[in-house]
Amino acid sequence: MKCARLQKLLLPYLENELSPKKKKLVEAHLRTCRNCSRELESLKKVSLLLASLPEFEIRPALQARLYSLPAQFEIERRPRWHLLDFFLKPSAQPIIATVCIFLIFISFFFYHPDGRYLSQSFKEKVSLFFGRIEKTVSRVEGLPGYMPLVRKNIIDSLKHIVQTRAEMPEKI
Amino acid sequence: MEKVVKECLEGKEEAWRLLVDTFSRRIFNMAYQFCGRYEEAEDLTQEIFMKIYTSLSKYDVKKDFTAWVMTLAKNHLIDAYRKTRREKSLRDELDEHLQAALTPGPEAELVAAQERQSLWQGLGQLSPEIRLAIILKEIQGKSYEEVATIMNIPVGTVKSRINRGKIQLARLLNQEVNQP
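Just so you know, the sequences run in chain order A and B.
With the numbering used here, the residue at position 61 of the first sequence is 61, and numbering never jumps.
In short: position in the second sequence from 1, add 1000, done, that's the numbering used here.
Be a bit skeptical, because a hint or two may be false.
Claimed, not checked - Heads up, simulated BS3-like pairs for lysine-lysine below, C-alpha to C-alpha not over 27 angstroms straight-line:
hint	chain 1	residue 1	chain 2	residue 2
1	B	1062	B	1012
2	A	23	A	2
3	A	8	B	1159
4	B	1159	A	23
5	A	23	B	1142
6	B	1051	B	1062
7	B	1051	B	1063
8	B	1142	A	45
9	B	1142	A	8
10	A	21	B	1159
11	A	22	B	1159
12	A	45	B	1159
13	B	1083	B	1051
14	B	1003	B	1062
15	B	1159	A	2
16	A	2	A	45
17	A	44	A	21
18	B	1083	A	44
19	B	1159	A	24
20	B	1142	A	44
21	A	8	A	23
22	A	8	A	44
No wet-lab data here; the hints were simulated from the structure.
For reference, chain B alone in the conformation it holds in the complex (with noise of 0.2 angstroms):
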């Protein structure tokens, strides 16, 4: 990854597509599972990559590259979130790629399938250092000592938010589920 980034700085366009094609996926899901709109993930997506842009220069090669970019990412999917504040109560509850994603087959995946929607619903209700723990965790796969390192905190504080955070989940869960 340090030739890509070097290569990215020198002003290879082969290098900025590899870097695109290895991180906007990640990078996009974390963006659409934190705000819960598809179109302003994009726009997060295309803010973080800009950032990523202008400070590849200040990239410590002695750092984990993929952590440095999520960091990025992380700070900017919060600064974001705390300019406008306001405006996040409301998740894409009927978004098309959401419902087009989580159709259930079978009928017996009916009542999984709306659980999932309540959970995504219930992720916008946590607050938003807690909310990307969980997702970092739960729905991205990393590490506790992965998720530490990209938020700069201990591992301990990593483990309290999510054990916070699902269980708020939890009492959300069966909130909906106890609701005639």
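Chain A with its partners taken away, still in its complex shape (with noise of 0.2 angstroms):
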């Protein structure tokens, strides 16, 4: 037997574990191989001085943490409704309102079953209101060249009047 293959029986043989045959055979090795029957030796001392280790009592502080431990607990747990006061604040109501409502409108938007053709009708409106914007931007660009028609027409409009205005005594 190796010594490699024996060192895996070493433990089961200091335990009684081993089948009578094996057991000679780890004692016929043992009586051969000095580095094997030392290395027994110190699984045996290793054994006693593990078992020989102190436990140890534990210190009264550690033992009342423990025991306030569920009490820890329920104060983490405890509802922290002072929290809520910014929202129960009259200066803050028209704020949330104010969210709400763009909260509602983005609802529809995104939760509503015919959000696609919300979605359509809205390109639509907006595509409306830029064609309106256009067509007003437009107008106001081709006011320069219609002012002198206007000027003229407004003119002759007063000299009328002022014409009909300087007839009219003579007639009375």
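Join these two chains into a complex; the hints should help.
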């Protein structure tokens, strides 16, 4: 038996878990191999030393902390209503109302079953709006050419009024 | 224990105290033997009990409660080890609690005390899985089957881990002895 194989059997040998045949093989190897028998002694010592390591009592302070854990959790779990005070202030209510209305509109847009048609209609309205703006702008841009005609018309009208006024006393 | 768990869930303080009294010493010692630092072991114990408290509602009454608690403790210790692996190389060398407990009486005990100290240091050099298997089996005196249940591994794996760990510790001990 090789030393490497024996090392796997040392602990079962110490704990008396080997079959009689394997036990004899291990014992035969141990009689001839000084290293392995030394390792067996070390393993025995390790087992004894591990078993002799002390157990400690916990400190009263730690015990008190452990006892109070449920109470700590209760404090953490308690609802923090004071954080909602901001929302209850009268000054914040118009803001909240605006946000709510905005969210309602958004929800109509995103969650309505006909959201697709709403979206299409919205796009149409937007394009119509821009079309009107464009028309108005083009009219305003055309005004400079139109203004001399308007001015001439106004002047002619005024002249006509003045003439009729001048003729009126003679008639009376 | 099932009744105690039920009462804990109902918020009865006495039941929680009983649970703490039953497991605190065992879990603290397991944490201290695992991490090797007294203050850190106290923090770990508190964290483990917090985990126990928050997980009580998930406990399956058909399972062994002690094994369930020890499994929670083991998982927490290994998680904590992995999170701060770089800082774990040193254990308390001259820890006052350990020194007080290991102070030998007669002179004949002196060598054994030194060897215990070396072994205590050697524990820190084992991998966390091997270390825990050795702590549960050799120091806390659990059976292979109990260790296997706690660690959620086959009995054969527990045996091989303990075997490897002990051989490693034996070699470390021999190195210490052979050093001048």
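Now for the hints, and whether the structure bears them out:
For the hint linking residue 1062 of chain B to residue 1012 of chain B, the alpha-carbon distance of about 22 angstroms falls within 27 angstroms, and the restraint holds. Using a Cα cut-off of 27 angstroms, the hinted pair residue 23 of chain A and residue 2 of chain A holds, with the two alpha carbons roughly 14 angstroms apart. Pair hint residue 8 of chain A plus residue 1159 of chain B holds up; C-alpha atoms about 10 angstroms apart against a cutoff of 27 angstroms. Pair hint residue 1159 of chain B plus residue 23 of chain A holds up; C-alpha atoms about 18 angstroms apart against a cutoff of 27 angstroms.
At roughly 25 angstroms between alpha-carbon atoms, residue 23 of chain A and residue 1142 of chain B fall within 27 angstroms of each other, so this suggested pair holds. About 20 angstroms separates the Cα atoms of residue 1051 of chain B and residue 1062 of chain B, which keeps this hinted pair within 27 angstroms; it holds. Between residue 1051 of chain B and residue 1063 of chain B, the direct Cα distance comes to roughly 18 angstroms. Compliance with the 27 angstroms bound is thereby established for this hinted pair. Only pairs whose Cα atoms come within 27 angstroms are accepted, and residue 1142 of chain B paired with residue 45 of chain A is accepted, the gap being roughly 19 angstroms.
Taking the CA atoms of residue 1142 of chain B and residue 8 of chain A, the gap is about 21 angstroms. The hint holds against a cut of 27 angstroms. For the hint linking residue 21 of chain A to residue 1159 of chain B, the alpha-carbon distance of about 21 angstroms falls within 27 angstroms, and the restraint holds. Restraint check for residue 22 of chain A and residue 1159 of chain B: satisfied, since their Cα atoms lie roughly 17 angstroms apart, inside the 27 angstroms limit. This hinted pair checks out: residue 45 of chain A and residue 1159 of chain B have alpha carbons roughly 18 angstroms apart, not beyond 27 angstroms.
Restraint check: the Cα-Cα separation between residue 1083 of chain B and residue 1051 of chain B comes to about 17 angstroms, which is no more than 27 angstroms; the hinted pair holds. A C-alpha spacing of about 13 angstroms is found between residue 1003 of chain B and residue 1062 of chain B, which places the hinted pair at or below 27 angstroms, so the restraint holds. Note on residue 1159 of chain B and residue 2 of chain A: the hinted pairing holds, with a Cα-Cα distance of about 21 angstroms set against a maximum of 27 angstroms. A hinted pair counts as satisfied when its Cα atoms are at most 27 angstroms apart, and residue 2 of chain A with residue 45 of chain A qualifies at roughly 23 angstroms.
Between the alpha carbons of residue 44 of chain A and residue 21 of chain A the distance comes to roughly 22 angstroms, so the proposed pair stays at or under 27 angstroms and holds. For the hint linking residue 1083 of chain B to residue 44 of chain A, the alpha-carbon distance of about 34 angstroms lies beyond 27 angstroms, and the restraint is violated. Between residue 1159 of chain B and residue 24 of chain A the alpha-carbon distance is near 21 angstroms, which keeps this suggested pair within the 27 angstroms criterion. Taken as a hint, the residue 1142 of chain B and residue 44 of chain A pair is honoured in the structure, with Cα atoms around 18 angstroms apart against an allowance of 27 angstroms.
Straight-line distance between C-alpha atoms of residue 8 of chain A and residue 23 of chain A comes to about 13 angstroms, which keeps the hinted pair within the 27 angstroms bound. As the CA atoms of residue 8 of chain A and residue 44 of chain A are separated by approximately 15 angstroms, the hinted pair is consistent with the 27 angstroms bound.
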